[in-house]
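Starting from two chains that each stand alone, build the complex the way the hints lay out.
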Amino acid sequence: MSFVIWLTGPSGAGKTTLAHALEKKLREIGLNVEVLDGDGIRSKLYPDLGFSEKEREMHNRVVVEMAKLLSKNGVATIVSVIAPYKKWREYARKEIGRFVEVYLRCPLEIRIKRDPKGLYAKALRGELKGLTGYNGIYEEPENPELILDTDKMSVEEEVEAVLRKIK
Amino acid sequence: MCMATGKTPGELGLYGFRHRKNNSYKDIWIAHSLMVKEKAVWDYLGKKGYKSILVGVPPSYPPKKINGWLISCFITPDSSVNYTYPPELKLEVENLVGEYVFDVVFRKEDRDRVIEEVWEMTEKRFEVIRYLLQEKDWDLFWFVEIGLDRIHHAFWKYFDKEHHLHEPNSKYKNVIRDYYKLLDREIGKTLKLINEDTVIAIVSDHGIKRMKGAFAVNQWLIDEGLLKVRNSLSSGKMIKFEELDVDWNETIAWAWGGYYSRVFLNVKGREPNGVIRISEYDRVRDEVAEAIKSIRGPNGEKWDTKVYYPEDIYPTAKGDKPDMMVYFDDLYWRAAGTLGHPSNYLPENDTGPDDAVHSEYGVFALHLPGMNKSRVVDTTIYDFAPTILKLFGLDDITVSMRGVSLI
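Chains A and B, in that order, give the protein sequences. According to the numbering used here, the first sequence is numbered sequentially starting from 1. According to the numbering used here, the second sequence is numbered sequentially starting from 1.
Don't take every hint at face value.
As a list, the in silico DMTMM-like pairs of lysine to aspartate or glutamate whose alpha-carbon atoms are at most 20 Å apart [unchecked claim]:
1. A/Lys72 x B/Glu271
2. A/Lys25 x B/Asp286
3. A/Lys167 x B/Glu250
4. A/Lys24 x B/Glu280
5. A/Lys165 x A/Glu145
6. B/Lys108 x B/Glu348
7. A/Lys44 x A/Glu28
8. B/Lys209 x B/Glu280
9. A/Lys167 x B/Glu271
10. B/Lys268 x B/Asp27
11. B/Lys268 x A/Glu34
12. A/Lys25 x B/Glu287
13. A/Lys24 x B/Asp320
14. B/Lys108 x B/Glu271
15. A/Lys24 x B/Asp27
Covered stretches of chain A, as calculated for chain B (at least 3 residues, CB under 8 Å) [to be verified]:
16. 76 to 85
17. 153 to 164
Don't read these hints as lab results, they were simulated from the structure. None of these values were measured; they are calculated from a predicted model. Note that the Cβ used here is the ideal one computed from N, Cα and C, for glycine as well.
Excised from the complex, chain B in its bound form (with noise of 0.2 Å):
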């Protein structure tokens, strides 16, 4: 949504999917659409009579009404439910292609399934976007392919030497290549549909790399007297935090697992149980987060790990914000929230098979009618909604957003 609101996840509320409810330890809620409150490029096209197209879009689900035609992203529960906005397009769709998919289960262990699931969900899709493309008006057209995140996460350890995990000459060593073609002969195909007076812009919102494991960040709590337990974690069964007898009189911080961490402080008259005294918090965090950027990979190797306070890297920090957000190995190793695990560095997600974490630096590309040579801009994701806003000559709108047009 920052790319298509040019708004931070601060002025967003919006920190990531899963959001804590109103300081409680354990309530939690999930992102989707309802909760963005700030208007984007389709919503100031649409004042002006623009119509859009938005496809898989995250998070769309539930469908709000647009000046044009929407289906929902891969956080729609199923296809039972309503995806469409206007409502009756979900026939159209399902006339075309049968069950519309949302989205792949991939972090299993059967992967010929993952495999067949992505490339049926990536092939439909193409087909209802290429439908739109053809049957209706647009002057703005939205989509996005969820496959090639799934398809990273799921096969990244089959291609790349450096993995840890790295299985050579894998029957499924070419699967990521073979996703590519897949995509780019759909966008070929996709294309030639399109005429010669259309903006095409590729982006993405984050980009991606090897995983080299995770971090059990709530055992590591547990050894620095930050987070107390009454639990017994010696059996070697791994259990969820939320299963957790947490001593909460006595507790410092707790996180959350995740390609980036969440860490929470326990604060007196924030939290139920808050033990950090007002006057101390600024200490406290500080401290905390010194330990962080203090932790050491496996072999005593040094990280970079990043520690960023929401207040200090937005202008504003609404809604339900973590006190801190990690980058564990500038983001190299994700974190498991889970315990009773022998140790805290983990070979493998906690939650299922997963090869890739998410990286800082997306993909960027536009393509102007009449476009003869390419450039290299320097650009963030708050540029995106800007530029789009200026092809539209909505630049008095543009005003008050962080990024600038790039043209």
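Bound conformation, chain A alone (with noise of 0.2 Å):
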């Protein structure tokens, strides 16, 4: 039985590259290690799905479902995905034995100047609507394992504090 590290935060704040240097740590400890990244498995399972509430949902019960069976067999799960409604991430908490939820949290200005996929830059000129984190709902969570800010942290600072929550 493995655990699985939760990462959540709107897009830009750092979700991904915590992720994969989560990834390269973990694997040379010699850990079997996998990532579930939103876009990955909405752009590889389900090409067509929205973003509506229900089909979000449809998609966060996948990843959970991946990841627990992930977990169970011993491999290392980090998942990165937005999960903007606290029910669904406490659906996960719930479902997975050990979990570890890991708040990105990070200041509007500074995510519209990383804009990593450039959604905000759309976002602003009107032609995106309902953002997370913009002009979309995302609830942050009340009890998370870990906050990270990540406007203050380094990624290295990120990584060692995530495994420190690993028990």
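Rendered as structure tokens:
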């Protein structure tokens, strides 16, 4: 039985960067590691899936189920999805045994500056509605195992902080 | 395989012959040809239409398809299996020399028998080699004679006065010298069959030196409180690590024996009953490494022990890697994985008589047609594959390799 590290936070908060840094570190230690990336799952499994609440819920269920199966079979699993709704993350926590929820917190102006996928630029031009963390809903976690202020921390510090939370 | 692929053990995911199976405590797998995923020199040559003959290149059992001919290496179980590519070649080999010999069990007391068997093996191999050289088309001919390694291990103490078990004026004192003479004769006969345009290389994949003893590394780990077992070890009976009743919930580290030792840490989330928290991994590994480096010899003398972390010394560390690779006293002391010994310092190898250990530097000699002056080069094992590829004009492939061509 391995563990699941669930990274949550709006676009541009640094989930992908941290997920890959964690993956590299855990692999170095010799663990079997898998990263479940929101975009990856969407493009490979459900290319036509939209972003309505229902569709997002379905996506979330798939991610939880995959993470559960992987960790049950000894694979350390890093989930890197926005998962904007609290109730779904709580569902994940309930379903998965060893669960570390990490909230990546980052002020909007920094996220706009980073904008790795150009989503904020689109939203600012009015071409994108419902962008999570801008004009779409993002419910902050109430009791995550860890909160990282990613505008103030280096990736190495973040990795160290997450590893300390793995019991 | 580093020599043939130009890749490091980390890139190959091969750290020796034995490997731990998927972080388990006791399941292992042994390296064989199908575990090699990287392309070797002969694969690149085959694509360009060049033919290769390989004899005894480890690991080449089970035999894989190549553009040419292949006889597998010393890991082959015995001559009843299919050991050639193409399979029909086996019959040609056996018509020539009868039962082909892959290896000799050298860790046994009957030394006369070892001599007899090594001589028979080497003579048969050279006969097969000379046959293939003459009867087949080839552009690359690569063969490995394992006999030299076996002779060093079995007879080192008889000639080396510095060896702690040296027996002066033994009837075996010239066995190694005689074996070199045999090799010299066989190589001489073989070279006569080769035309002047042929490039010739003599290489080894490790060096060799006298063994000073074996260090019972798991006994030391118990002394240090890093390994906890429920067995009584005071009976004086040797016990294998696999037979131990380990208290994994209280164990930090355990080790494997060999010419170099592999040390494993018991990590939570990685091993079934891991205890080291992932956030503590780096600190614990450094502490165990420091403790290992401070081990002194049987008379309190300082040792030059080296501890390597795979991901530090290789660009990537794939597969079932150990947490640490340890050279006790710069390899002069091999590691004994067994326990129940009266001391941690054993005069003999725990798995049968063995007088020599592997050392870091092997031999390399290359002769190019028309060469009339010798020169000394600084080289590593990774330069060999690029050098051979360059000879065939395949420079473009060598770009991604760690080594560089010597010509």
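So, going through the hints one by one against the coordinates:
1. A/Lys72 x B/Glu271: Since the Cα atoms of A/Lys72 and B/Glu271 sit roughly 14 Å apart, the hinted pair holds (cutoff 20 Å).
2. A/Lys25 x B/Asp286: holds (16 Å)
3. A/Lys167 x B/Glu250: Holds. A/Lys167 to B/Glu250 sits at ~17 Å (cutoff 20 Å).
4. A/Lys24 x B/Glu280: holds (16 Å)
5. A/Lys165 x A/Glu145: Satisfied, since the Cα-Cα distance of roughly 7 Å is no more than 20 Å.
6. B/Lys108 x B/Glu348: holds (12 Å)
7. A/Lys44 x A/Glu28: Given that 20 Å is the threshold and the Cα spacing comes to 27 Å, the pair is violated.
8. B/Lys209 x B/Glu280: violated (38 Å)
9. A/Lys167 x B/Glu271: holds (14 Å)
10. B/Lys268 x B/Asp27: The given pair, whose Cα atoms are some 18 Å apart, holds under the 20 Å limit.
11. B/Lys268 x A/Glu34: Given pair B/Lys268, A/Glu34 holds - Cα atoms ~17 Å apart, limit 20 Å.
12. A/Lys25 x B/Glu287: holds (19 Å)
13. A/Lys24 x B/Asp320: Holds, at roughly 16 Å.
14. B/Lys108 x B/Glu271: Distance of about 36 Å is beyond 20 Å: violated.
15. A/Lys24 x B/Asp27: Between A/Lys24 and B/Asp27 the Cα gap is close to 26 Å, so the pair fails against 20 Å, i.e. violated.
16. 76 to 85: violated (count 1)
17. 153 to 164: holds (count 3)
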